[in-house]
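Based on the hints, put chain P in the right spot on chain F.
From first to last, the protein sequence lines stand for chains F and P.
Numbering-wise (this note's numbering), the first sequence opens with residue 7 and increments by one.
Numbering-wise (this note's numbering), the second sequence opens with residue 7 and increments by one.
Treat each hint with caution, since some may be false.
With a Cα cut of at most 30 angstroms, we get these calculated DSSO-like pairs of lysine-lysine [what the hints assert, rightly or not]:
id, chain 1, residue 1, chain 2, residue 2
1, F, K663, P, K663
2, P, K525, P, K639
3, P, K260, P, K663
4, F, K639, F, K725
5, P, K260, P, K112
6, F, K351, P, K214
Covered, in the sense of this in silico footprint (three residues per stretch, anywhere, with C-beta under 8 angstroms from a C-beta of chain P), are these stretches of chain F [stated by the list, open to error]:
id, segment
7, 103-116
8, 767-779
9, 790-797
Hints in this document: simulated from the structure, not taken from any laboratory.
All figures in this text were calculated on a predicted structure; none of them were measured in a lab.
Glycine included, C-beta positions come from ideal geometry on N, C-alpha and C.
There are 2 protein chains.
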Amino acid sequence: MSTSSQGPGDNRSETTSETAQLVSHDDLASTSNYTQLNRSINYQDPLEDEFEGSHGVRRRNTVQKIEPGSTNILSAKFESLDYDTCENHPLLDEERKRGYAFVIWKDITRWFIFLLIGIITALIAFVIDVCIEEFSEIKYRELKKSVDAHLPHRMYVPYLLWVLSNICIVFIGSVLVAYVEPVAAGSGIPQVKCYLNGVKVPRVVRIKTLFVKTIGVITAVVGGLAGGKEGPMIHSGAVVAAGISQGKSTTFNKDFKIFHYFREDHEKRDFVSGGAAAGVSAAFGAPIGGVLFSLEEGTSFWNQALTWRTFFGTVVSTFTLNCALSAYHGRAGELSYPGLLNLGKMEPFPFQFYELPVFMFFGAVGGCLGALWNHINYKLSVFRIRYITAPWLRVVEACLVAAASATVGFLMMYALNDCRPLGEDPTKVPLQLYCADGEYNALAAVWFQTPEASVRSFLHNPIGSYNPWSILVFVSCYFLLSAWTFGLAVSSGLFIPNLLCGAAWGRLLAILIQLMAPKNTIINPGKYALVGAAAQLGGVVRMTISLTVIIIETTGQISNALPIIITLVVAKWVGDFFNEGIYDIHIQLAGVPLLPWEPPPLAHNVYASEVMSHPVFTLRTIENVGHVVELLKLVSYNGFPVVDPPLADDQEVHTYKRLRGLILRSQLIVLLQNKIYNENEHENANTTWASFNVDMNMFRKEYPRYPSINDLEISDWEKTCTIDLRPFMNPSPYTLPTRASLPRLFRLFRALGLRHLPIVNDVNEVVGMVTRKDIARYRVWRHHFSMGMEELVLSSEI
Amino acid sequence: MSTSSQGPGDNRSETTSETAQLVSHDDLASTSNYTQLNRSINYQDPLEDEFEGSHGVRRRNTVQKIEPGSTNILSAKFESLDYDTCENHPLLDEERKRGYAFVIWKDITRWFIFLLIGIITALIAFVIDVCIEEFSEIKYRELKKSVDAHLPHRMYVPYLLWVLSNICIVFIGSVLVAYVEPVAAGSGIPQVKCYLNGVKVPRVVRIKTLFVKTIGVITAVVGGLAGGKEGPMIHSGAVVAAGISQGKSTTFNKDFKIFHYFREDHEKRDFVSGGAAAGVSAAFGAPIGGVLFSLEEGTSFWNQALTWRTFFGTVVSTFTLNCALSAYHGRAGELSYPGLLNLGKMEPFPFQFYELPVFMFFGAVGGCLGALWNHINYKLSVFRIRYITAPWLRVVEACLVAAASATVGFLMMYALNDCRPLGEDPTKVPLQLYCADGEYNALAAVWFQTPEASVRSFLHNPIGSYNPWSILVFVSCYFLLSAWTFGLAVSSGLFIPNLLCGAAWGRLLAILIQLMAPKNTIINPGKYALVGAAAQLGGVVRMTISLTVIIIETTGQISNALPIIITLVVAKWVGDFFNEGIYDIHIQLAGVPLLPWEPPPLAHNVYASEVMSHPVFTLRTIENVGHVVELLKLVSYNGFPVVDPPLADDQEVHTYKRLRGLILRSQLIVLLQNKIYNENEHENANTTWASFNVDMNMFRKEYPRYPSINDLEISDWEKTCTIDLRPFMNPSPYTLPTRASLPRLFRLFRALGLRHLPIVNDVNEVVGMVTRKDIARYRVWRHHFSMGMEELVLSSEI
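Bound conformation, chain F alone (with noise of 0.2 angstroms):
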């Protein structure tokens, strides 16, 4: 994920952190407050000394050198979002003035909005896919023609133009992509996993890098580089999902007024979510598939009513996909094009008893291939995040990848001269090169088409289309020219390049059963091709139940089932052996804090009072407002603990305030823009209030860019006055006591989406806050038959 260069200026209060609080605990940790704090909490649990430091945890020096490129780096750069409904006075007003008419009404709203995502994503995929088409063909038709014209002395000609053509059209998309939103490269699916999980990457769903994204896949795939355009489908329906749900754009600066009512995270994410499935049900004509897939990779909890709208979306998406594909193509009202990607009706092939070790052999080959695809893919990030970053560089390396798979193709059709009669080849622009009349090269068929029309071939090619050899010299390049494609600064995915490979090499397979089998046994080389194609993207992507379902509807056979289950099951098994999955991997490379799916094992003696950040900045139910606004200009945090005042006849000095409740930056920002004060301290709450008009959609109209702190002009009479925070905060946030369990903290952080968890003592006063990071920092790692747990280290740097 190359969110690391983003331009500054650009994300106003995005850049204010929770984490800053660990910089705050380290610059105190020599103060007295700290210290008596430990003292204290070792008190509260006299039994605590008995199990300190036997958890095994690989404790990693804080002042260690924070090298780029480590996968054991949290980055204090990304913030939560907040999924916890804020119960506050103008919330609770407006439900009781709006009563059930307007529960259904949002209800109705909500499908009539998967609707809209559901066409306008298949629009774009729509798009993408015909604008693809035709510039591909095009540019293939005048590259045969310079062959034709050329051959068989002046090769460099074509060559040139073909290297020439590829680096111009890649040129245009890393351009948009490296200057104008780093944020759209890639397939996107990493950034849209870590958004469901609750981390707020930056743009991530802006129509500006829907864009981008859509140029940037055209000009990626027409461009001839080894990626596909399935990934950033996904990624533009989760923009459009965004975008629509919000009813106004910030790229644009217009507010349509509508929808406003879900102007939160919590129901953001909900869409984001049904937008990446209509994404993927539209690039694969998998309805079914897209649901899993976003439940598979994003949501961690399973709301009925949610699946069930997301389900509608997708169904919505690939009609009318299907419908619009139908129409282009001249076959109207006949609805044979469900996604983009479309393999082809493959025959149902039945299997024998016999069959199963041989399709888990492919599972395994197909996991470690993956696993060496993820490793290489790793390391050269690594180089990239060290070496390439300025965006010119990117720019540079992402049309030498173009001029390097144009030269590799050429030197295969060249060296290698596959000569195959014509006949029932389904690629569009066969040539002849050095081959007899009436034959074509076969490498060439394959160089000169878009990847996914190749993985066609592979899958329907009669027996015999292909010779051995060259499959092995195409599998060996084209694997480690998808390796490198994957992260460069161009929009492209890689489901298709890992497709493609697996299916050169399941049917290079097939060839090599074909040999050793007892005569009279027909193999059927589209059936081990499909095999051989979905082990090696299991391996990669170490999807399971999600994948299972998409290849089984791209291909529209549900007899393939058990195969293709079997071999996943065992790629996801021999990958998860030597490494994790490719977007895990990107997204450790980036520190995205994402929590992982169960809290570590053996951590019930990590505690609370280690997990947290302390001290805590807090703010008294009613608090001056010049205090409030040194605090915010003095500190990043995103959240305060909102205590009782000191009583006027308490004589002990407290050194720890009651917990009231909970208020957030964002919400602070906007009392202190519309001048919620009062005068005179002691005025009644309630009245004051009332008495100021405020409502659920003062706090909306800002989301969620909310100004700075430094941008809101506070004179210095009204920094005399106070606010009283109680009818805006959150009057009961979740809490847990200091002596409670990292796996406590853990579950009850992921399954209710928190952002502060306030960590109190025996008497309910705050003594530290766990933020997603806090959290996010113990990881546990299995590989190799072992596992164990680490503590990352929190580096601004990165």
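What follows is chain P alone, placed relative to chain F:
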């Protein structure tokens, strides 16, 4: 669900109930304690009055007469499962001692258990299938002989023979269900759904239940009832999973001393969820559908590792059953029998744009008919609850239905002499009856085979196989028969009867469409029969995603996905307009405190102080044994907050005590049973605990049925000892303040699978306790375009 007729004396501590708290709350309502409590709560939220009474809850008077068979009652009988890990010292100790090797070992064991679950579930499915097939063939062959022998005038002989054979066979199963294990009645899906939701349905996952279920389903189907074997398979899978994973059987009183580390509610629930999925997979040959079923109907949290293992289990199950059935049918190695329900390979049916409204129409018809079916079954169920309560009455009713089924079938084939030429008809025992030679009676063919085979006939028989009037009469009768059958004291499901009804009216509509269609158009009746079957079933059960996938996997045609999805979606919408799905109706009738997916809307102004039960019985950290024993005998609660003892120098009298932890009745029982006492009251807790050599296995040994407090013998001397509860209690239970709202309670409860939630005041003193029933009491209804919230009545009568 027939758990209401459970025998006494069988359920030791199971009948103790959290909701006895409510009773005690009513009893003690007039004490000063209660009044004082209420006042203090009001004080804590000065703004509460403002919102009081505005939330539109339809408050029912609690002294209202409870009518058996109402749907607005919660039974006090059901207990909850406890998914929250109790992080006490024995657990930490075990973790520390065993380390990561144990984590890995547990993981491998889980996979192994899922393998066993898949295999054994498949074998049970195999036995059921083979028995039903063999016995049915014998039965119908003998009946045919009798018919042929007594034609044309002494037809009462075969009729009586038919009635008698039906009654005899059904009698066996019905007696078993009514007298031996009432929980084995019906499909078992509602029970499994409740279990997965976190409700402890007594005896639902015992071996005895499995045994009765297996015999019951064979007798029900062979006995000619309008029931299927698929629902019971799901229940069987769940029982198998629970049995294997616990490594012991209560029915056989046998402990295999394995897998004892899985003896807790949380782990067991995960296995049961996987077992139910394996059951679906075996029933329908639908591994993906199985995973989705257990997600859609049961689990709330999408746990990737669990889903992944579940998928493995479902694949193993399908595969094993496939092997076994293929071998049985003499085609070993061919793997052509993936599931019990075999609808036969459907041809892919290409559809046109203009057919979509037709599918929607089918969906609407299915929705209406499904809602009607549910309504009829609901009325019958209420009648049964009120009047047919004695076991012998239930047996008589089952036999009556068996006789009625035979009578209806006989009358129909006798009165409607629908003759068709003998062709490639798939029926095994074609009956000539009054037809000419070379012809057979089409209706007799429908009745003289299992319902499953009849569904196949409707789907696959060529055009013109049926007279529309015959179908109309058949649909009307079978519709009523099947609605009457579901809920009888027999083990049978509703999938097949509804598929059969739907396929029949689908075929009928296809004939009508053919009549209205322009000439030269040939309508494929099988296509509409399938769509009708899906619509009817969808209208009854209201599942969408899993049902779509199940139907696709069963028919082996992914290309039919879109029509089926559209049909199911419309069927659900139309059905939901009138009433709930059939499973939910039965769950409501049984008064199960099922938690829905979402908290009630507009309930932010219902506060914990209103929801909670109070006052609460608490225990001190170091408690007198005699006091513990008395408390356990006095009340039937299952969880007790552990609080600080009053300080010696504390002059003030505290009404509430500070929360230190939570201890379960079962833990106290184990402590008492093992005599973990201190003679000296002030001994150090930590040393004591170590000196007793307590480990987790002590707590696991008795799981899930602990002895009752009355079974323990505790001497008077022992009652003067103390127990230190600190090492054994859950030291950091999740809590919420009194001002927390109902949605907040709900989310915490639902997401984390809690059983007890202590409610604390501002200084962390326990003032109340919330359990599942306190939350499930608030239920949202939405029908006929309106919605609202109602408060259910808690009753110990049903």
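Hinted pair K260 (chain P) and K112 (chain P), Cα distance within 30 angstroms: Roughly 22 angstroms between the alpha carbons, so the hint for K260 (chain P) and K112 (chain P) holds.
> Okay, the segment 790-797 of chain F and chain P, do three or more residues pass the C-beta test at under 8 angstroms?
Replying inline: Per the Cβ count (4), the hint holds.
Open item on the list: Is the listed coverage of the segment 103-116 of chain F by chain P valid when you require three or more residues with a beta carbon under 8 angstroms from a beta carbon of that chain?
Closed with: holds (count 4)
>> K260 (chain P) and K663 (chain P) were given as a pair; does the straight-line alpha-carbon distance stay at or below 30 angstroms?
In response: 44 angstroms, violated
TODO: Compare the distance between the alpha carbons of K639 (chain F) and K725 (chain F) with 30 angstroms, and conclude whether the hinted pair is satisfied.
DONE: 14 angstroms, holds
Q: Measure nothing beyond the straight line between the CA atoms of K351 (chain F) and K214 (chain P); if it is 30 angstroms or shorter, mark the hint as holding.
A: Since the Cα atoms of K351 (chain F) and K214 (chain P) sit roughly 48 angstroms apart, the hinted pair is violated (cutoff 30 angstroms).
Within a Cα-Cα threshold of 30 angstroms, do K663 (chain F) and K663 (chain P) meet the stated pairing? 20 angstroms, holds
Counting residues of the segment 767-779 of chain F that have a beta-carbon nearer than 8 angstroms to any beta-carbon of chain P, does the count reach 3? With 3 residues close enough to chain P, the hint holds.
Restraint status (C-alpha distance of K525 (chain P) to K639 (chain P) at most 30 angstroms)
81 angstroms, violated
In this structure, the earlier hints numbered 2, 3 and 6 are contradicted, and the remaining ones agree with it.
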